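Colleague: Sequence:
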Amino acid sequence: MSAPAMAKLLLVSVLETLGWRPSCLVAEHYEKVVGTDVSEDQLKLARPHPRIRYLYTPESITDDELVALIGGENSADLVTVAQAVHWFDLPKFYSNVTRLLRKPGGVIAVWGYNQIEVSPIFDPIMDRFHGTIVSHWHPKIQYVFDGYKTLPFPFESVGLGSEGKPILLDIPKKLSFEGFLKLLRSWSAVTTAKDQGVDLLSDGVVKEFERAWGGPGLVRSVVYKVFMIAGKVKL
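Just so you know, the sequence shown maps onto residues -19 to -1, 1 to 216 in mature numbering (1 follows the signal peptide of the UniProt record, and there is no 0).
Hints in this document: simulated from the structure, not taken from any laboratory.
It is possible that some hints are incorrect.
[What the hints assert, rightly or not] Calculated cross-link-like contacts (lysine to any residue; reagent style SDA-like; alpha-carbon spacing at most 20 Å): (1) Lys84 - Phe103; (2) Lys175 - Pro120; (3) Lys163 - Phe103; (4) Lys163 - Lys73; (5) Lys121 - Ile152; (6) Lys130 - Leu141; (7) Lys146 - Lys206; (8) Lys84 - Val139; (9) Lys146 - Tyr94; (10) Lys154 - Ile97; (11) Lys73 - Leu141; (12) Lys175 - Leu162; (13) Lys215 - Gln96; (14) Lys73 - Asp45; (15) Lys215 - Pro133; (16) Lys206 - Lys84; (17) Lys206 - Ser56; (18) Lys163 - Pro153; (19) Lys73 - Ile97; (20) Lys206 - Gly160; (21) Lys130 - Phe103; (22) Lys121 - Asn95; (23) Lys146 - Pro133; (24) Lys154 - Leu199; (25) Lys215 - Gly140; (26) Lys73 - Gly53; (27) Lys213 - Phe110; (28) Lys206 - Leu47; (29) Lys84 - Lys163; (30) Lys121 - Ala65; (31) Lys206 - Gly53.
[Claimed, not checked] Just the calculated beta-carbon pair ranges, DEER-fashion: (32) Leu150 - His30: 20 to 26 Å; (33) Gly160 - Phe126: 28 to 34 Å; (34) Lys73 - His111: 26 to 32 Å; (35) Leu162 - Lys215: 42 to 48 Å; (36) Arg109 - Gly53: 48 to 54 Å; (37) Thr43 - Asp176: 20 to 26 Å; (38) Lys188 - Asp45: 22 to 28 Å; (39) Lys73 - Pro101: 42 to 48 Å; (40) Ala193 - Pro29: 35 to 41 Å.
Note that the structure is a prediction, hence the values are computed from the model and not measured.
The beta carbon of each residue, even a glycine, is placed where N, CA and C say it ideally should be.
Please work from the sequences and hints to get the whole structure.
Modeller: In structure tokens:
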């Protein structure tokens, strides 16, 4: 999505799951960037940038406090959420987004992924792993499995997908085996299973992944299969 060189305010929901930092990726296009998260630990991982202000927004904060903290009503040109909106209290989140976005013109964009293509050898092993962990996922992850096709999205289309019809994108990225394992270990299904005494990433599983990857030192070109919906407030 293109952006004017000196746009006013961007609100970003910070999430490191993809190994991307969306706030940093777009900071060069905006005068002000606000990165938010309900987790102080996640914010500690955020990359400093002179245009970015990171805010801890705990679940205990009221809607009015949240809107005021970020910049007030009608203050945001763009709200983005990477691989996270499916976890939110959607009516509450969308209500706050509607208050924050400029009218007209403010845009909300949400995206996620449900597959990483690595190689013809590696991908079937990954598919099998998905089958072993499916019972450990939270029900809300079904939105991701569905590629956001079932995600409520009560905004007017801006030509980049719409409710029930996300656009599909192939996002190439360099990924190390260590980075891949870090990604898997961050998945809620893996952490939930571990809390229940089930190690989904046993030594045997990791070794199988490592062999199919091509060795622990190899950095591969992978493709994230991304889906996205963008829209503006209906007037």
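Colleague: It remains to establish, for every hint, whether it holds in the given structure.
Modeller: Right, here's what the structure says about each hint:
Taking the CA atoms of Lys84 and Phe103, the gap is near 47 Å; set against the 20 Å cutoff, the hint is violated. Simply put, Lys175 and Pro120 have alpha-carbon atoms about 18 Å apart, close enough for the 20 Å limit, and the pair holds. Distance hint between Lys163 and Phe103 is fulfilled; the C-alpha atoms sit about 17 Å from each other, no more than 20 Å. Taken as a hint, the Lys163 and Lys73 pair is broken in the structure, with Cα atoms around 31 Å apart against an allowance of 20 Å.
Among the hinted pairs, Lys121 with Ile152 is inconsistent with the structure: their alpha-carbon atoms are about 24 Å apart, more than 20 Å. Proximity of Lys130 to Leu141 is assessed by CA-CA distance (about 13 Å); at most 20 Å being required, the pair is judged to hold. Our distance criterion of 20 Å between C-alpha atoms is met by Lys146 and Lys206, whose separation comes to about 15 Å. Restraint check for Lys84 and Val139: the C-alpha separation of about 14 Å stays at or below 20 Å, so the hint holds.
At most 20 Å may separate the alpha-carbon atoms for a hinted pair to count; Lys146 and Tyr94 meet this at roughly 15 Å. A threshold of 20 Å between alpha carbons decides the hint, and for Lys154 with Ile97 the separation of about 10 Å falls inside it, so the pair holds. A threshold of 20 Å between alpha carbons decides the hint, and for Lys73 with Leu141 the separation of about 23 Å lies outside it, so the pair is violated. Taking the CA atoms of Lys175 and Leu162, the gap is near 15 Å; set against the 20 Å cutoff, the hint holds.
For the proposed pair Lys215 and Gln96, the alpha carbon gap of about 32 Å is over 20 Å, so the pair is violated. Restraint check for Lys73 and Asp45: the C-alpha separation of about 12 Å stays at or below 20 Å, so the hint holds. Between the alpha carbons of Lys215 and Pro133 the distance comes to roughly 14 Å, so the proposed pair stays at or under 20 Å and holds. Distance check on the hinted pair: Lys206 and Lys84 sit about 32 Å apart at the alpha-carbon level, beyond 20 Å; violated.
A threshold of 20 Å between alpha carbons decides the hint, and for Lys206 with Ser56 the separation of about 32 Å lies outside it, so the pair is violated. Simply put, Lys163 and Pro153 have alpha-carbon atoms about 18 Å apart, close enough for the 20 Å limit, and the pair holds. Our distance criterion of 20 Å between C-alpha atoms is broken by Lys73 and Ile97, whose separation comes to about 31 Å. Using a Cα cut-off of 20 Å, the hinted pair Lys206 and Gly160 holds, with the two alpha carbons roughly 17 Å apart.
Taking the CA atoms of Lys130 and Phe103, the gap is near 27 Å; set against the 20 Å cutoff, the hint is violated. Note on Lys121 and Asn95: the hinted pairing holds, with a Cα-Cα distance of about 13 Å set against a maximum of 20 Å. Restraint check for Lys146 and Pro133: the C-alpha separation of about 11 Å stays at or below 20 Å, so the hint holds. Taken as a hint, the Lys154 and Leu199 pair is honoured in the structure, with Cα atoms around 14 Å apart against an allowance of 20 Å.
Pair hint Lys215 plus Gly140 holds up; C-alpha atoms about 14 Å apart against a cutoff of 20 Å. Distance check on the hinted pair: Lys73 and Gly53 sit about 16 Å apart at the alpha-carbon level, within 20 Å; holds. Annotation: proposed proximity of Lys213 to Phe110 is violated, straight-line Cα distance about 38 Å (limit 20 Å). The hinted pair formed by Lys206 and Leu47 fails the criterion: a straight-line CA distance of about 32 Å is larger than 20 Å.
Taking the CA atoms of Lys84 and Lys163, the gap is about 40 Å. The hint is violated against a cut of 20 Å. Among the hinted pairs, Lys121 with Ala65 is consistent with the structure: their alpha-carbon atoms are about 10 Å apart, no more than 20 Å. Taking the CA atoms of Lys206 and Gly53, the gap is near 35 Å; set against the 20 Å cutoff, the hint is violated. Range check, Leu150 to His30: about 24 Å between beta-carbon atoms, so the 20 to 26 Å window is met.
At about 23 Å, the CB distance of Gly160 to Phe126 disagrees with the hint of 28 to 34 Å. The hinted range of 26 to 32 Å is satisfied by Lys73 and His111, whose Cβ atoms lie roughly 30 Å apart. As the Cβ distance of Leu162 to Lys215 is approximately 43 Å, the hint placing it in 42 to 48 Å holds. Against the hinted window of 48 to 54 Å, the Cβ-Cβ separation of Arg109 and Gly53 comes to about 50 Å, which satisfies the hint.
Hint check: Thr43 to Asp176, Cβ distance near 31 Å, so the stated range 20 to 26 Å is violated. Range check, Lys188 to Asp45: about 52 Å between beta-carbon atoms, so the 22 to 28 Å window is missed. Between Lys73 and Pro101 the CB atoms are about 43 Å apart, so this pair conforms to the stated range of 42 to 48 Å. At roughly 37 Å, the beta carbons of Ala193 and Pro29 sit within the given window of 35 to 41 Å.
Against the hints set out earlier in the document, violations occur for numbers 1, 4, 5, 11, 13, 16, 17, 19, 21, 27, 28, 29, 31, 33, 37 and 38.
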